[in-house]
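Chemist: Chain order of the listed sequences is A and B. The first sequence begins at 0 in numbering that gives the first Met the number 0 and counts up one residue at a time. The second sequence begins at 0 in numbering that gives the first Met the number 0 and counts up one residue at a time.
Rather than coming from a laboratory, the hints here were simulated on the basis of the structure. None of these values were measured; they are calculated from a predicted model. Backbone N, C-alpha and C define an ideal beta-carbon position, used for all residues, glycine too. One should not assume that every hint holds.
Restricting the straight-line Cα-Cα distance to at most 16 Å, the calculated cross-link-like pairs of lysine to aspartate or glutamate (EDC-like) are [stated by the list, open to error]:
#	chain 1	residue 1	chain 2	residue 2
1	B	Lys191	B	Glu112
2	B	Lys67	A	Asp20
3	A	Lys132	B	Glu161
4	B	Lys3	B	Glu81
5	B	Lys142	B	Glu177
6	A	Lys11	B	Glu112
If you want a taste of the chain B side facing chain A, the calculated C-beta under 10 Å gives, among others [said to hold, decoys possible]:
#	residue
7	Trp9
8	Gly11
9	Glu84
10	Thr86
11	Thr88
12	Pro94
13	Glu160
14	Arg217
15	Glu228
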Amino acid sequence: MATGVFSSSRAKISERTLRTDKWWLQPLITFSVLILFIIYATFRAFENGNYFAEPLISPFYSPCLSAACATGSSLLGQPFGIIKILGMTLSPALLILIFPLGFRMTCYYYRKAYYRAFWMSPPACAVAEPHSKYTGETRAPLILQNGHRYFFYIGLIFNALLTVDAILAFRNSDKQWGHMSVGTLVLVANATFLWLYSASCHTCRHTIGGRLRNFSKHPVRYKAWTIVSALNHKHQNFAWVSLLGVAFADFYVREVAAHVFTNFYFF
Amino acid sequence: MARKLNLRIWRGNRESGSLQNISVDANEGEVVLDVIHRVQAEQINDLAVRWNCKAGKCGSCSMEINGKPRLACMTQVSSFPEDEEITITPLRAFPVIKDLVTDVSFNYKKAMEIPSFQPPEGMKPGEPRMQQVDVERSQEFRKCIECFLCQNTCHVIRDHEENKESFAGPRFFIRIAELDMHPLDMLRNRKKKAQEEHGLGMCNITKCCTEVCPEHIRITDNAIIPMKERVVDEKYDPLRWLGSKIRKREGIL
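Next up, chain A with everything else stripped away, as it sits in the complex:
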């Protein structure tokens, strides 16, 4: 039976949409960029190499928690030993990537992006979606989107660790402090973008003050909420910049570790 815009009571119009603008362009760009990131991140997560070049470590492999990690790359030790699956050593990246991945997958902005670009639910506003049924986020697995706040909390720990990695990058390859290279800038920028992405998150906004009913009784939290709200306006931008930033940081470290180019030191 016809439903949606083709329901019997609605105006009889045969087109799924009458939009004349390029409504398909935005979801197409989103789809393409996310697919490219997924392919690159998957390749890097399974590559299990070229992720550490003293003092730089790739954000995909930090913290490096397995005994298979490169010497000197394990900031928090190696509690997992060497894990083998079907005789193959598990890449250390696979032990940790679920957390940043979960944070982005459940992020309110990315939900909009991939529901539109991948699931076409809907592909664009006032463009009929192709699905005959829809239950939204009321059932498994999408009801798990409600766990976003836990990924947010864990994400803060990752941000802190990547900030430490950026600080450690103010050393040279002999671990002497007081040096700065292009790699230092790359890791500092990566950590900054990640903090901005987390600080502008809707869950952060809620936690810091959004859940209050009486702002006047909590002036400090109200002030913090107004700052986070201002950042929240730019959450989409921070989401993209931090995604591309983390990919670029990984790419840079990879190329340095693989000796494709050397890490230029300013001093």
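Starting from the known structure of chain A, fit chain B onto it as the hints suggest.
Modeler: Below, chain B alone, put in the same frame as chain A:
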């Protein structure tokens, strides 16, 4: 300076209908509603169109112009290229009555399902005093003119007629948010009702409601997502649930 406009206006009723080609003059500074009135006056006298204030404040002239839900009185003719054909149809999420007029009573039914503001017991009219910071969030939602463009563009009901029973829609999520954020509202089960009775969980935050709002209310960011987070506080967050049991109160007020 007048220009010639080529329109396609949907004409019909619940049984049948089609797009009718019309050529009409448009003067500089006119909006689509002006042009529709000219068509009505000069060419199709029985063209049905709902309108009232012609100032973007009554929300009556909601329709779809080139497939986008818009207010006809706020859509400048000059925003379309000279040679572009303009297609005008009724809202496609609601039952059509005639031509550009739809039956939006679904929204009034949903409005009645939302419990009204419940003041503290014994509080008399004129007694409440609130500070500006406590009122500001709700004031944004009070700008709503009930044009129902957000309801019309929301794919949950636009694309799934069967969801109308269980889904209130973005316009009413901002109403629920407004009341739930009100410091003096004493009804404490709004979050539960939003999730279980008004279908908040069906929203997948694709933000079309925000995109079409003529009052630029940030429906998704300021009402729906905060309400989803409040629902998580109460329903899906075991740590907060435990905290509320220990402290014997509903979150931090």
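Chemist: It remains to establish, for every hint, whether it holds in the given structure.
Modeler: Hint by hint, here is what the structure shows:
Our distance criterion of 16 Å between C-alpha atoms is met by Lys191 of chain B and Glu112 of chain B, whose separation comes to about 14 Å. Proposed proximity of Lys67 of chain B and Asp20 of chain A is supported: the alpha carbons are some 10 Å apart, at most 16 Å. A distance of roughly 9 Å separates the Cα atoms of Lys132 of chain A and Glu161 of chain B; the hinted pair therefore holds under the 16 Å criterion. Of the pairs offered as hints, the one joining Lys3 of chain B and Glu81 of chain B holds, with about 8 Å between alpha carbons and a cut-off of 16 Å not exceeded.
Straight-line distance between C-alpha atoms of Lys142 of chain B and Glu177 of chain B comes to about 11 Å, which keeps the hinted pair within the 16 Å bound. Of the supplied pair hints, the one linking Lys11 of chain A and Glu112 of chain B is violated, its CA atoms being roughly 30 Å apart against a limit of 16 Å. Look at Trp9 of chain B: its Cβ gets to within about 6 Å of chain A, closer than 10 Å, so that hint holds up. For Gly11 of chain B, the interface hint holds, since its Cβ comes within 10 Å of a Cβ in chain A; the closest pair sits about 6 Å apart.
For the restraint placing Glu84 of chain B at the interface with chain A, the shortest Cβ-Cβ distance is roughly 8 Å, inside the 10 Å limit, so the hint holds. Hint status for Thr86 of chain B: holds, given a least beta-carbon distance of 5 Å to chain A, under 10 Å. At a threshold of 10 Å, the smallest CB-CB gap from Thr88 of chain B to chain A is about 6 Å, leaving the interface hint in force. With a least beta-carbon distance of about 4 Å to chain A, the hint placing Pro94 of chain B at the interface is held under the 10 Å criterion.
A distance limit of 10 Å between C-beta atoms decides the matter here; for Glu160 of chain B the minimum to chain A is near 4 Å, and the interface restraint holds. Annotation: Arg217 of chain B was flagged as interfacial toward chain A, and the flag holds, the nearest CB pair being 9 Å apart, inside 10 Å. Using the Cβ-Cβ criterion of 10 Å, the hint placing Glu228 of chain B at the interface with chain A is satisfied: the shortest such distance is roughly 4 Å.
Of the hints listed earlier, the one the structure fails to meet is number 6.
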